[in-house]
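Given chain A, put chain B in place with the hints provided.
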Amino acid sequence: DQQVKQNSPSLSVQEGRISILNCDYTNSMFDYFLWYKKYPAEGPTFLISISSIKDKNEDGRFTVFLNKSAKHLSLHIVPSQPGDSAVYFCAASAPRAGTASKLTFGTGTRLQVTL
Amino acid sequence: GAGVSQSPSNKVTEKGKDVELRCDPISGHTALYWYRQRLGQGLEFLIYFQGNSAPDKSGLPSDRFSAERTGESVSTLTIQRTQQEDSAVYLCASSFAGGPGNIQYFGAGTRLSVL
Chain A
1 DQQVKQNSPS
11 LSVQEGRISI
21 LNCDYTNSMF
31 DYFLWYKKYP
41 AEGPTFLISI
51 SSIKDKNEDG
61 RFTVFLNKSA
71 KHLSLHIVPS
81 QPGDSAVYFC
91 AASAPRAGTA
101 SKLTFGTGTR
111 LQVTL
Chain B
1001 GAGVSQSPSN
1011 KVTEKGKDVE
1021 LRCDPISGHT
1031 ALYWYRQRLG
1041 QGLEFLIYFQ
1051 GNSAPDKSGL
1061 PSDRFSAERT
1071 GESVSTLTIQ
1081 RTQQEDSAVY
1091 LCASSFAGGP
1101 GNIQYFGAGT
1111 RLSVL
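Here the protein sequences come in this chain order: A and B. Residue numbers for the first sequence follow the numbering used here, so the first one is 1 and each next one is one higher. Residue numbers for the second sequence follow the numbering used here, so the first one is 1001 and each next one is one higher.
To be clear, the hints were calculated from the coordinates, so they are not data collected in a lab. For glycine and all other residues, C-beta sits at the position ideal for the given N, C-alpha and C. Be careful, since some hints might not be right.
If you anchor each label on the Cβ, the simulated ranges turn out as follows [what the hints assert, rightly or not]:
#1 B:S1009 / A:F46: 38 to 48 Å
#2 B:E1085 / A:A41: 18 to 28 Å
#3 B:D1063 / A:G60: 41 to 51 Å
#4 B:P1061 / A:E58: 35 to 45 Å
#5 B:G1051 / A:E58: 31 to 41 Å
#6 B:G1003 / A:P82: 16 to 26 Å
#7 B:S1066 / A:P40: 27 to 37 Å
#8 B:T1076 / A:H72: 37 to 47 Å
#9 B:E1044 / A:T45: 15 to 25 Å
#10 A:S8 / B:G1101: 21 to 31 Å
#11 A:T26 / B:D1018: 34 to 44 Å
#12 A:I53 / B:K1057: 24 to 34 Å
To spell it out: a stretch of chain A is covered by chain B in this simulated footprint if at least three of its residues, at any positions, have a beta carbon under 8 Å from a beta carbon of chain B; those stretches are [as the list claims (entries may be wrong)]:
#13 39–51
#14 101–110
The shape of chain A in the complex, shown without the other chains:
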């Protein structure tokens, strides 16, 4: 049972354009969401997070949007740069269910930023 879904395994975007990575979840107890970025042969690194009390969080070129009614979140990267090429994982936790520290991850989206 995949509670966090990233339906696009890969995405190719031209340098300078916007990258939009999508994530859907099914567990209504999830109320804290994170994006991690992973380069080959390295561990995932934290990128940005959002609590369910917000619908948007911005950090430089990265913005995460949360639509609770649709159980959907997205990560926008603008402008995209070649160094952004990596696998992006969406993750969720359920603090209200007492599992604040247990992250549930999606399967990842491989982003390729082309010149």
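Quick look at chain B alone, frame taken from chain A:
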């Protein structure tokens, strides 16, 4: 070192053998996590240690899997009588404390191959 360190980086073993994987968390981090990533899948939570509290073992897939942590330092994940389906990348993470606001920092992982 400054980051989470895992050893070995690669481990090849024969079916039925026991393996031990090691994780050195970031100094001062009280929380430590183990995850598993099978090919083409997302990260799967295995176990969580927080200080001197009883660990959350809810993600361990079978009683062949166990983990220990010495105080707030090194952790070892042991897999007994390995099976081919245990082949995966095993990732360790640590955070300053447990809970959603505490970013989990990941090591590069141990790639386990069971022949």
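Give me the numbers of the hints this structure contradicts, sorted from smallest to largest. Going through the list in order, the structure violates hint 1 alone and respects the others.
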